[in-house]
Amino acid sequence: MSATQMLGNEGREFGLSDASPSENASLDTVSFAQRQRLAYIDFCLLFKGAIYRQDLIGRFEVGLSAGSRDFSLYKVLAPNNLTYDARDKRYFQTDTFVPLFEHDPRRTLVKLANDISDGFDAIGDIHFPVESASSLNIPDIYVVAKLVQAIVNNKAVSVIYTSLSSGSGARELVPHSIVDNGQRWHVRAFDRKTGSFRDFVLTRISKVTLKANPALSEQSLADEAWQRKIALEVVPHPKNINHPTAIELDYGMEEGVLHLEVRAAMAGYLLRRWNVDCTKHASLRTGEYQLWLRNQETLENTDNLAIAPGYIGEEKRYE
Numbered sequence: 011m012s013a014t015q016m017l018g019n020e021g022r023e024f025g026l027s028d029a030s031p032s033e034n035a036s037l038d039t040v041s042f043a044q045r046q047r048l049a050y051i052d053f054c055l056l057f058k059g060a061i062y063r064q065d066l067i068g069r070f071e072v073g074l075s076a077g078s079r080d081f082s083l084y085k086v087l088a089p090n091n092l093t094y095d096a097r098d099k100r101y102f103q104t105d106t107f108v109p110l111f112e113h114d115p116r117r118t119l120v121k122l123a124n125d126i127s128d129g130f131d132a133i134g135d136i137h138f139p140v141e142s143a144s145s146l147n148i149p150d151i152y153v154v155a156k157l158v159q160a161i162v163n164n165k166a167v168s169v170i171y172t173s174l175s176s177g178s179g180a181r182e183l184v185p186h187s188i189v190d191n192g193q194r195w196h197v198r199a200f201d202r203k204t205g206s207f208r209d210f211v212l213t214r215i216s217k218v219t220l221k222a223n224p225a226l227s228e229q230s231l232a233d234e235a236w237q238r239k240i241a242l243e244v245v246p247h248p249k250n251i252n253h254p255t256a257i258e259l260d261y262g263m264e265e266g267v268l269h270l271e272v273r274a275a276m277a278g279y280l281l282r283r284w285n286v287d288c289t290k291h292a293s294l295r296t297g298e299y300q301l302w303l304r305n306q307e308t309l310e311n312t313d314n315l316a317i318a319p320g321y322i323g324e325e326k327r328y329e
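Under the working numbering, the first residue of the sequence shown is numbered 11, with each subsequent residue one higher.
It is possible that some hints are incorrect.
Here are the computed lysine-lysine pairs in the BS3-like style, where the Cα-Cα straight-line distance is at most 25 Å [what the hints assert, rightly or not]:
1. 99 - 58
2. 165 - 58
3. 203 - 165
4. 165 - 249
5. 99 - 165
6. 121 - 58
Keep in mind the hints are simulated off the structure, nothing from the lab.
Computed from a prediction, not measured in an experiment: that's the story for all the values here.
Let the sequences and hints guide you as you build the complete structure.
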């Protein structure tokens, strides 16, 4: 059975027209707008594992017939990438899925972090003359995709993880968030090996396999450090800065204070990223410390603070 015939059968189940593109169609022959829609289908299959037709129609505000043609064309271009579930009325990623587009890991992670899911970076979207410092570590896009699928579909995963302390080994995780800590990306997850929520560096993860739904005690609502917010009061460093007004302008401080509310699990990363002196008496005297945490006591009973500059206290939970 040809790709066009297969689509016709699924299309009738789905209430779509039998009209379908030529089997000789290629990405080079379609309009930029349709390439965007095809990239979105590809993106959803890769990172969510499935897509409804209505997802495409709602995202791009196109008509039923246009959406039908997009799925028809995608099926012709990548016949082994998706399968249709008539009961769910949804297309699912197959075990033989290979992305039709190349999704850049760094740009994709940034978009996911900002709740943007479009796949447009894969089609040569408009590029603006804005540069950022190069990243030294780039996660595997397929590892990221599987973890995002697990999060979206509330699944546990089995992985091979390589840690600094114990080397490589199998772990079972229940991921709930992908996080940019300022230097690299990690996933926040319940670790069944230790029975606790921890942070796992994406570049150290391989061989991700989706597993069954987790228990409630393993999900994000049970992650106390993730759910709890703490208030930080950051001020210009009282000993290292001669002209504090400059620092106040840099960070938009009001009355000389930057008030922040952050997740307890993220506090250590933020303080390290911005070189905030966390000593009780502002005793870090080198020039990179332009900020001081005025209310150090707020960090009590917070994990992952071994990385906070000058802080002495809790053991870290960073694998």
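- Message: To test your reading of the hints: which numbers does this structure violate?
- Response: Hint 4 is the one this structure does not satisfy, whereas the remaining hints hold.
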